[in-house]
Each structure stands twice: as structure tokens, then as C-alpha cells.
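Dock chain B against the given chain A, drawing on the hints supplied.
Those protein sequence lines, which keep their order, are chains A and B.
The numbering used here applies: residue 207 is where the first sequence begins, and numbers increase by one.
The numbering used here applies: residue 207 is where the second sequence begins, and numbers increase by one.
Treat each hint with caution, since some may be false.
[To be verified] When the alpha-carbon atoms are kept at most 25 Å apart in a straight line, the in silico SDA-like pairs for lysine to any residue are as follows:
| hint | chain 1 | residue 1 | chain 2 | residue 2 |
| --- | --- | --- | --- | --- |
| 1 | B | Lys398 | A | Gln362 |
| 2 | A | Lys398 | B | Gly352 |
| 3 | A | Lys363 | A | Gly352 |
| 4 | B | Lys292 | B | Gly349 |
| 5 | B | Lys398 | A | Ser355 |
| 6 | B | Lys370 | A | Gly320 |
| 7 | B | Lys398 | A | Glu374 |
| 8 | A | Lys363 | B | Ala417 |
| 9 | B | Lys370 | A | Tyr315 |
| 10 | B | Lys370 | A | Glu402 |
| 11 | B | Lys232 | B | Ala284 |
| 12 | B | Lys363 | A | Arg399 |
| 13 | A | Lys313 | B | Lys370 |
| 14 | B | Lys398 | B | Glu318 |
| 15 | B | Lys232 | B | Asp259 |
| 16 | A | Lys398 | B | Lys232 |
| 17 | A | Lys398 | B | Ser355 |
| 18 | B | Lys313 | B | Ala290 |
| 19 | B | Lys313 | A | Arg399 |
| 20 | B | Lys363 | A | Arg416 |
| 21 | B | Lys363 | A | Ala417 |
| 22 | A | Lys250 | A | Glu374 |
| 23 | A | Lys398 | B | Lys292 |
| 24 | A | Lys278 | A | Thr317 |
| 25 | A | Lys370 | B | Thr390 |
| 26 | A | Lys370 | B | Gly349 |
| 27 | B | Lys313 | A | Pro373 |
| 28 | A | Lys370 | B | Lys313 |
Hints in this document: simulated from the structure, not taken from any laboratory.
Computed from a prediction, not measured in an experiment: that's the story for all the values here.
The chain contents come next:
Number of protein chains: 2
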Amino acid sequence: MPGSYETVEPRRGAWDNRMSRRERKKLETRRRILDAALKLMADKPYGQVKIEDICVEADVANATFFLHFRNKAALALAYNEDVAAKVEEQLASDGLNASERLQALLKIYLTEWGTHRHLMRQIVLELISQPASGATFNEVSSGLLGIVSTVVRDGQKSGEFSSKIEPETAALALVAAWNALAITWARTGDTKRAAEAHWQTLDLFLNGLRARDGLSRP
Amino acid sequence: MPGSYETVEPRRGAWDNRMSRRERKKLETRRRILDAALKLMADKPYGQVKIEDICVEADVANATFFLHFRNKAALALAYNEDVAAKVEEQLASDGLNASERLQALLKIYLTEWGTHRHLMRQIVLELISQPASGATFNEVSSGLLGIVSTVVRDGQKSGEFSSKIEPETAALALVAAWNALAITWARTGDTKRAAEAHWQTLDLFLNGLRARDGLSRP
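Isolated chain A (complex conformation) (with noise of 0.2 Å):
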């Protein structure tokens, strides 16, 4: 089992073998609360899967949960985190170009959604239930959105992409549109329109960045 895991986080190799056996256990327990609750959630809706449930599911004591969760909603974010660490790994591949790359990302949120959509979509409802939600966007998808600025300021260095833009404000503009879809998707259910919707918007994203004309503003 431990060595499926370092397949999965390779990233994590060198750090495991600084970490104690305790330590190890701990990350190996964590994650397969994680898996368990992955798994439960990927065929029942989010609010049907009980923390009980996920405890058979991973073969764990109820207390263990709480040694590792605050609570059910713990389990978004740690799988927000883990997705977010699953692009940066494969975006790190060699051989693509910037807009390749943004590509690259969208595919993975859009398979680990498709995947996962019943808590991809508590994700999102959670996120815009919270006050102030409109000033935590930002911090909440900064992963992301880190991500992104990166790719596009790679795509002006490389001149794949015009300069004309801010690399900051394209990633801020790209992301909050997808955000704004994914709200949209969250209320109506309808993924495969969501799907479409996001592609659309990348592409229009990729063919302004790449254009090569400015416009004369008024």
C-alpha cells in the first residue's frame, strides 16, 4: 500500500524518507479516509455519505476521523489540495506548449469533476454559501490561479502568446470565468453542458492570447 502511494506522489518521495514511521502512518491513514470518502461520495450525493459510513469504508474508528478531519467539509478542501497538486505534477511533463498546458489542466478538472462531481459540486455550493465568498474566491482557487498566471507569463516568454496582457489579470479573468460556470453548473446539475461551456472559454481565452492585433479603444 505505501508504495502505491508514492507512485501516486512522487513528489513525496524524498520527504517519506526523511519522515518517521509514525509520521508515514499518519499520511497513510489520512489518505485513506481521503480514498474512502472518494469513493463513497463518487455514487451518493455529498450530504447522504455519513462520517460513519467513510469510517467501515477506510476501517477506521470514528475518533480517527476527527484525528485527521475537523469535519465532513475538511474532506473538500484536502481534495481541492490533492487536485491541485495533480496538475502541477503532470503540467511539469516536458513537451507541451503553454496553451497545450492549459489544455492539460482543464482535462484533469474536468475528469476529476466528472469523477467526483457530487463533491466537486459541495465544493462549489459551500463555497458560495459563505459570507464574504466573492473576497475568499480569490484565496480559495490561489492555487489555481497561481498555475495559470505561471503558463501564461511561459506563453508571452516564449512568444506563443501576445504581451498585451498581464499575465496576473488573464489568469485572474480565465479562473473567475470558470468559477462563474462551475456556479452556474452547480445549480442546474447539468454537467456535460458545463463541460462544453468551460471548453468554449478556453478556447476564446487561447485565441486572444495568441492574437496578434491590438484594438483601438475609444
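Coordinates of chain B only, in the frame set by chain A:
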């Protein structure tokens, strides 16, 4: 005085003719209160302008204010509706293609923003401090969303824009991007930088909408 309001709001002309003198007076008082508030808030932050000050400036009794507005925050909403009406009116003028209409729209918003930056900032801060603000986000901007969708659809019909994106998706993406920039602006207060970011984002969108080449999806 009534004449000048009909000039400012020509679309309401027909309606005004059917209105009783009392109705017309009521609208005039409402407008006088809103104008007084806007005038005071152009110089002072929203929080420093008291309802009493507005009533003195508008030359109305304090009780009159509450016949027209539930509270001070209702002024911000009324102003927001005013700007949307102004935009719709100005975009109806002939001779502008779709790109130029979107540029004109942004120009109006940024001008209003510059003139009434304390109030605009307040609108944004109230929006993001609401519970479920993500969910109400689209409703709050529904006037703007509708206008942008219509312009995009017109641009697609005339062949100015590519038809590879749903007009509603393009509108949601652009408005969401602008709103995210406005949230950043409300927190930093850097109006000049925010205006530049808004223009860069519109340019990106217009270049994207005008691009003819498709993208292959992974």
C-alpha cells in the same frame, strides 16, 4: 425640472405621459435624493455620508427618504440600475459594431466608476460581504449580462465574431472576469490599475471572439 428628467430618461417618456402628477412628483423626489447622495459620495466615502446629510442636500425631510429607499444600501442598488439603463440607452445609438459597443459599454462603466468611485466600491464590497454572494452574483449583474449576451449574439449574426462560443457563455465569462477585477480593485483601491486590467481583459475577449481558427482539444 421634470423636462430635464425626461431628457435623461427618454425611454420613460411614454410612461411619464400616463403617470399622474403625484407619481411624477414621487419619481422626481426619488431622483433628487439619489442625485444628492451621488454628489456627496463623489467626495466622501460611503460610510461617512449620513442619511441626514443627503436629506439636507436634497432639501427633503428625513422621513421622506424612507418613503423612497429602505436604507442607505438601497441607494447603491438604485444607482447600479441607473448605470445599466444608461448603458442600454447609449448602446442603442446607431453606427457601432459589436466590438465598439462593448468598448463603449466599458467606457461608460469606467467613467461612472471614476466619478462615483466611493459608491461603486461600496457596491462591490456589499456584494462580496453578502452570504451566498456567489449565488446572487449573476442576478446582481443580470442587466449587464443580458446586454453583453445581446451584443455578442449580434456580432455573431453579422459575422464580426466567431460563432464557436455560446453568447451566454461569452457574456458570463466576460462579466465574471470584470467582477473579479472589481473585487481586487475594491480591496486595493487602485482605480487606474483596475481600469487598465478591465481594458486588457476586454481586448483579450474581443481578439478571442474575432479569431477564425479553431483549437484542437486534447
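Tested hints:
no.	hint	result
1	Lys398(B) <-> Gln362(A)	holds, 24 Å
2	Lys398(A) <-> Gly352(B)	holds, 23 Å
3	Lys363(A) <-> Gly352(A)	holds, 17 Å
4	Lys292(B) <-> Gly349(B)	holds, 11 Å
5	Lys398(B) <-> Ser355(A)	holds, 21 Å
6	Lys370(B) <-> Gly320(A)	holds, 23 Å
7	Lys398(B) <-> Glu374(A)	holds, 16 Å
8	Lys363(A) <-> Ala417(B)	holds, 22 Å
9	Lys370(B) <-> Tyr315(A)	holds, 22 Å
10	Lys370(B) <-> Glu402(A)	holds, 11 Å
11	Lys232(B) <-> Ala284(B)	holds, 15 Å
12	Lys363(B) <-> Arg399(A)	holds, 22 Å
13	Lys313(A) <-> Lys370(B)	holds, 19 Å
14	Lys398(B) <-> Glu318(B)	holds, 13 Å
15	Lys232(B) <-> Asp259(B)	holds, 20 Å
16	Lys398(A) <-> Lys232(B)	violated, 50 Å
17	Lys398(A) <-> Ser355(B)	holds, 21 Å
18	Lys313(B) <-> Ala290(B)	holds, 13 Å
19	Lys313(B) <-> Arg399(A)	violated, 33 Å
20	Lys363(B) <-> Arg416(A)	holds, 24 Å
21	Lys363(B) <-> Ala417(A)	holds, 22 Å
22	Lys250(A) <-> Glu374(A)	violated, 37 Å
23	Lys398(A) <-> Lys292(B)	violated, 37 Å
24	Lys278(A) <-> Thr317(A)	holds, 23 Å
25	Lys370(A) <-> Thr390(B)	holds, 20 Å
26	Lys370(A) <-> Gly349(B)	violated, 29 Å
27	Lys313(B) <-> Pro373(A)	holds, 23 Å
28	Lys370(A) <-> Lys313(B)	holds, 19 Å
When the structure is compared with the earlier hints, violations turn up for hints 16, 19, 22, 23, 26 and for no others.
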